[in-house]
Amino acid sequence: MSEVSRRRFLLGSAAAGGALTLGFVIAPGCARSQARATAADLNAFVRIHRDDAITLMIPCSEMGQGIHTGLAQVLADELEADWNNIKVEVPQPAEVYNNPAFHVMMLTVGSTSMRHYYAPLRTAGAAAREMLVAAAAQRWGVRAADCHARDSQVIGPGDARERYGALAAEAASLPVPQTPALKKRSQWRLIGQPVQRLDVPAKVDGSAVFGTDVSLPGLLHAAIAQCPVFGGTLQALGGEETVRAMPGVRAIVRLEPNAAAVVADRYWQAQRALDALQVRWNERANVHLSSAGIASAFRAALERKEEIGIAEDRGEPERMLAGAARAITADYEAPFLAHATLEPLNCTVRVGRDECEVWVPTQGQTIAQGAVAEVTGMAPERVRLHTTLLGGGFGRKAQADFVVQAARIASSPQLRGSPVRLLWSRVEDMQHDYYRPAALHRHRAVLGEDGLPLAWTQRIVSPSIALSATPLELENHVDPMVTEGATGLAYSIPHRRVEYARSDFGVPVGFWRSVGWSVNTFTIECFLDELAAAAGRDSYEFRRALLADNPRHRAVLELLAERTGWGKPAPDSRHRGLAMCEADGTVVAEAVELSVPRSGELHVHRIVCAADCGTVVNPDRVREQLEGAALFGLSAALHEEITIEDGRVAQRNFRDYPLLRLHEAPAVEVHLIASEAPPSGVGEAATAPVAAAVCSALYAATGQRIRSLPLRKHGFASAARGA
Amino acid sequence: MELIVNGRKVSVEVPEDTPLLWVLREELSLTGAKPGCLAGLCGACTVHVDGNAVRSCVTPVAAAAGRRITTIEGLSADRSHPLQRAWIVHQVPQCGYCQPGMIMSAAALLAEKPRPSDADIDAAMSGNLCRCGTYSRIRAAIHTAAGETATSATSESA
Chain A
3 MSEVSRRRFL LGSAAAGGAL TLGFVIAPGC ARSQARATAA DLNAFVRIHR DDAITLMIPC
63 SEMGQGIHTG LAQVLADELE ADWNNIKVEV PQPAEVYNNP AFHVMMLTVG STSMRHYYAP
123 LRTAGAAARE MLVAAAAQRW GVRAADCHAR DSQVIGPGDA RERYGALAAE AASLPVPQTP
183 ALKKRSQWRL IGQPVQRLDV PAKVDGSAVF GTDVSLPGLL HAAIAQCPVF GGTLQALGGE
243 ETVRAMPGVR AIVRLEPNAA AVVADRYWQA QRALDALQVR WNERANVHLS SAGIASAFRA
303 ALERKEEIGI AEDRGEPERM LAGAARAITA DYEAPFLAHA TLEPLNCTVR VGRDECEVWV
363 PTQGQTIAQG AVAEVTGMAP ERVRLHTTLL GGGFGRKAQA DFVVQAARIA SSPQLRGSPV
423 RLLWSRVEDM QHDYYRPAAL HRHRAVLGED GLPLAWTQRI VSPSIALSAT PLELENHVDP
483 MVTEGATGLA YSIPHRRVEY ARSDFGVPVG FWRSVGWSVN TFTIECFLDE LAAAAGRDSY
543 EFRRALLADN PRHRAVLELL AERTGWGKPA PDSRHRGLAM CEADGTVVAE AVELSVPRSG
603 ELHVHRIVCA ADCGTVVNPD RVREQLEGAA LFGLSAALHE EITIEDGRVA QRNFRDYPLL
663 RLHEAPAVEV HLIASEAPPS GVGEAATAPV AAAVCSALYA ATGQRIRSLP LRKHGFASAA
723 RGA
Chain B
3 MELIVNGRKV SVEVPEDTPL LWVLREELSL TGAKPGCLAG LCGACTVHVD GNAVRSCVTP
63 VAAAAGRRIT TIEGLSADRS HPLQRAWIVH QVPQCGYCQP GMIMSAAALL AEKPRPSDAD
123 IDAAMSGNLC RCGTYSRIRA AIHTAAGETA TSATSESA
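In order, the protein sequence lines correspond to chains A and B.
Counting from 3, one number per residue, gives the positions in the first sequence under my numbering.
Counting from 3, one number per residue, gives the positions in the second sequence under my numbering.
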């Protein structure tokens, strides 16, 4: 997430100016830093049990990105914890756990977790280590400087040894060091190592607990139907008596304004009963909304003069373009996209008399807790929130809509006291997403005498993510979540202007892996390729020239070219394209190698990815995230499109919203720049350049310029794997 | 109705047309098989019936009565199945939601073709969707489990 988006991501009027609270800034004797019967909390992140087991509080959601392992490595390394005896817990929301990127909430979005918890967790681990060493030194009557910690033990002069479990209570009562000594890089034992993921064993034997799997005594199940037309409402329910008499049915719940749910003893009973319920919707005005209408409105907005946000304005681009003999113009379109997490949305809530409990695969703990508090009328502290594993998130599970629904259902008089799990069907999940917004971009540029872009303008026409998915307002008509990736480009282009023409239709939009970059990198890198061609230059050389003043970006691009073999002939009938961006602080460049064996058939053989993501905490996690993000981008480029007909999403399941399949997935080769800069975000960045790299390669293969996605719209289907 | 699940006989009382997936998850507390699409399109619900990979979300329980049903929980008692070991070596799972279904599809493949080619793997596995992009690691893990050497050098530091 861009710096601007992050600073502005505040809930209501909550203070932005508050100091960063770090887990270790705790007065001795405070409730958090306290000895318990069986364990002592050295600070909010480190709990040491009497038997030496250590629980690490990692305030992030594990949705596949490996953050539980990565941040545990960071904390455990400074703490000198025995890696074989640690476990990770996601704590209850509390100020001390807030994501430093946002200040006011626990929220796992925007590839911010490693980037922003890295330093605080190193400090928390180091502080706890120093307290443990101090406790041992005190006990032995020696100097702390003559002791050291290793693998959950303190070792002192004369080989005196004591385990952390035996020291923790004493240590927890000592003063908290305000500036503990962090390890030097040469002392790292876990950071930088390809340590195996803590969650993998449970994910290969079926024991991993996702939101869908939480088991509770007396658990009831809810199935939901939401009005398929955006903005429509629930008008009437029919056949309620019949449905109530169906096996296992406990309740029918109206969820004004636009949904109804049936609750039963078993999920299948609930779904069957819901199917039997006659639900009438009042579809209202949006029923006339269609993709064709949206495309038309977008085109009109290209010319709009009012309410245009200026996201960037340098030099005199309009004057340069007006005076130019030959300005180059191209329009690009991108569709709405669904998150399609394999685990559909679900949330389990039990509403008690004056407390309640929630089990949910959420990316936004504070938001979810607050939403349940509001529904139940209880204070947030009375809402105990358990974050389960997430079967994918990609930004969707940061929203609270499904949490609110579950809380409302569980609050029904006849259901209070029982835990109820709401599970959305795939159809509901597909049709009630917060989509990656559709967009139309107009790019214009003029080349200077040196053949490089002299002036560059981009108008982005798209719905607003901020207005749809957050409580934020726009300032001066700019939505930084939509324009991120379009501003502050590393390329040296002297005259630039980026405009945003908000164009909303009542289709909910939100954060989809790489957010603003997902569209902007596609259009920018495609347009840059068109400019390169106009200048008669190679895609790589053109970019390299534009990065003459930017060594970090240039190094990534050069590494990519070298490992791809750019400039050398590709194997038989294969063609290459490349694209790059800087997203979430990570510079990533990707090359795609593909062939077009027959007209309309496309075979992607290889994706090469080069990245500079700063310090690599775990090279295998980074590699895996870049692989996964690249294939996520490839899936969208080849196949994915959400269309609107008669005010509703036309797609229902994976038959009409196809995802990339195993036989189409190339290997992704990952090459990392060695860096000692702090870690930057890797969960999303590699998604953004893929579409443009594919289109660039397709141009090389066919001479055809693709300016809209997905590729199957242009008659390209994946070739079956051939020899 | 009597079922044989992971080698044990169990008795369940459910309507005959209840999908096997829900019987496993809700009557027998075997939550490894997952609801993904509930339409047989994603493979997250894959289990074995008499050794064949089936989509339990669209298999009525009556069709599996009296047959040997194997779920991910029954593949081994201790993650010792070659596929589970290979999945750990290659660090395959990211979110992990699709992986029980993936492993069951792969197990059915290896039972039929102990040394599958890439084309065999494509044919057997392309019905299982993964949203996180673990496909190339899945392929490598299947080859490893099949006893071939994994030669996958996918990353280096510059």
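These aren't lab readings, by the way, just hints derived from the structure by calculation.
Since we're looking at a predicted model, the values are computed, not measured.
Each residue gets a CB set at the ideal place from its N, CA and C atoms; glycine is no exception.
A couple of the hints might just be wrong.
[Said to hold, decoys possible] Coverage of chain A stretches by chain B, computed from C-beta distances (three or more under 8 Å per stretch; other residues unrestricted):
1. 66 to 74
2. 124 to 138
3. 188 to 202
4. 212 to 221
5. 382 to 396
6. 424 to 438
7. 598 to 608
We went through each hint and held it up to the structure:
Residue count for the region 66 to 74 of chain A with a Cβ under 8 Å from a Cβ of chain B: 3. That meets the three needed, and the coverage hint holds. Restraint check on the region 124 to 138 of chain A versus chain B: 0 residues with Cβ-Cβ distances below 8 Å, three needed, restraint violated. Given a C-beta distance limit of less than 8 Å, the hint that chain B covers the region 188 to 202 of chain A holds, as 4 residues qualify and 3 suffice. Remark: the region 212 to 221 of chain A is confirmed as covered by chain B, as 4 of its residues place a Cβ nearer than 8 Å to a Cβ of that chain, reaching the required three.
Under the rule that three or more residues need a Cβ within less than 8 Å of chain B, the assignment of the region 382 to 396 of chain A holds, with 6 such residues. Counting residues of the region 424 to 438 of chain A whose C-beta sits closer than 8 Å to any C-beta of chain B gives 3, which meets the bar of three, so the coverage hint holds. Residues of the region 598 to 608 of chain A with a Cβ under 8 Å from some Cβ of chain B number 0, which does not satisfy the need for three, so the listed coverage is violated.
Consistency with the previously given hints fails for numbers 2 and 7, ordered from lowest to highest.
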